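Chain residues, written in single-letter form:
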Amino acid sequence: GAVVSQHPSWVICKSGTSVKIECRSLDFQATTMFWYRQFPKQSLMLMATSNEGSKATYEQGVEKDKFLINHASLTLSTLTVTSAHPEDSSFYICSASRQGVNSNQPQHFGDGTRLSIL
Amino acid sequence: SQQGEEDPQALSIQEGENATMNCSYKTSINNLQWYRQNSGRGLVHLILIRSNEREKHSGRLRVTLDTSKKSSSLLITASRAADTASYFCATRFSGGYNKLIFGAGTRLAVHP
Chain P
1 GAVVSQHPSW VICKSGTSVK IECRSLDFQA TTMFWYRQFP KQSLMLMATS NEGSKATYEQ
61 GVEKDKFLIN HASLTLSTLT VTSAHPEDSS FYICSASRQG VNSNQPQHFG DGTRLSIL
Chain Y
1 SQQGEEDPQA LSIQEGENAT MNCSYKTSIN NLQWYRQNSG RGLVHLILIR SNEREKHSGR
61 LRVTLDTSKK SSSLLITASR AADTASYFCA TRFSGGYNKL IFGAGTRLAV HP
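Going down the list, the protein sequences come from chains P and Y. Using the working numbering, the first residue of the first sequence is number 1, and each one after it goes up by one. Using the working numbering, the first residue of the second sequence is number 1, and each one after it goes up by one.
These are computed hints drawn from the structure, not numbers from a lab. Source: prediction; values computed, not measured. Fair warning: there could be bad hints in the mix.
The list that follows gives simulated cross-link-like pairs (lysine-lysine, DSSO-like), each with its CA atoms no further than 27 Å apart [as the list claims (entries may be wrong)]:
id, chain 1, residue 1, chain 2, residue 2
1, Y, Lys99, P, Lys41
2, P, Lys20, P, Lys64
3, Y, Lys99, P, Lys20
4, P, Lys55, P, Lys20
5, P, Lys55, Y, Lys99
6, Y, Lys56, Y, Lys26
7, P, Lys66, P, Lys41
8, Y, Lys26, P, Lys41
9, Y, Lys70, Y, Lys26
10, P, Lys41, P, Lys20
11, Y, Lys70, P, Lys41
12, P, Lys64, P, Lys41
13, Y, Lys99, P, Lys64
14, P, Lys20, P, Lys66
15, Y, Lys26, Y, Lys69
16, P, Lys66, P, Lys55
17, P, Lys66, Y, Lys99
Chain Y extracted, bound-state conformation:
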């Protein structure tokens, strides 16, 4: 079964606006990762945040992690039409097992 949930399921914004996606998970984790998927393609890794980190930045991306609430958020600032894609969070369990469990994903549409 899937580890967590993401919201919103779909997000439609105008270019230049910020997009925020949230992810919740259920059990203890080693790290949480965000991936992007263009339609019909594989996933591209965006950013990894470890369980002992609270915030991480990469270009226009900002990720936060709140382990007490078992939640994370991905913020894309100054969005572009090219950011249109599905975004997934994925968690890696603590306890030694290497597999990733993906959230339901957020479909982001950025309109020019």
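One chain only, chain P, in its complex shape:
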């Protein structure tokens, strides 16, 4: 069964709305989670690394004030797309690993959130 749960799976909202996406590790604690963005027929682009209890690490070119990440517990990270606009429409996916940094463990992915901004 799924080990990482992502919610909601689909969001349609008006331009200017802020949207929060949740990523939960279901049966393990994740000190680190990752947020990706994927455009149609393209690969996953890492947006940021979410660290429990500290600030997220953003990849170059990703606006941290636009994409707010909160990792308040060992099983939950949230991504908030603030004041969303049509160009923010995309597929957002989170992932987490059972073990921490420097492990040879695979990432477990949520099922993604399709965000459509009208």
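Fit chain Y to the given chain P structure using the hints.
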């Protein structure tokens, strides 16, 4: 920026045939992983090969890694229509940073 490239970008085969996808990367890695993505869904981990390994098998999957050429291949034998999906390689850098960088992916279509 993305770590590597995959080829082909798209592959169309008949059921029963083998499918081979290639991945190249640019820097030193701890491991390389292959993932599968069905349309509109998250990714499913298929196989992980460490930098000191050269070949790994899992069911109908065979992965090779050539660190001298910075390349890997995924072979799916006796393909089935249910194998239709996008396949991505992902590399984890050596040097202590845990993030995965994904290749461009190969879209595989297996026709009955």
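Numbers of the earlier hints that this structure fails to satisfy, in rising order: When the structure is compared with the hints, none of them turns out to be violated.
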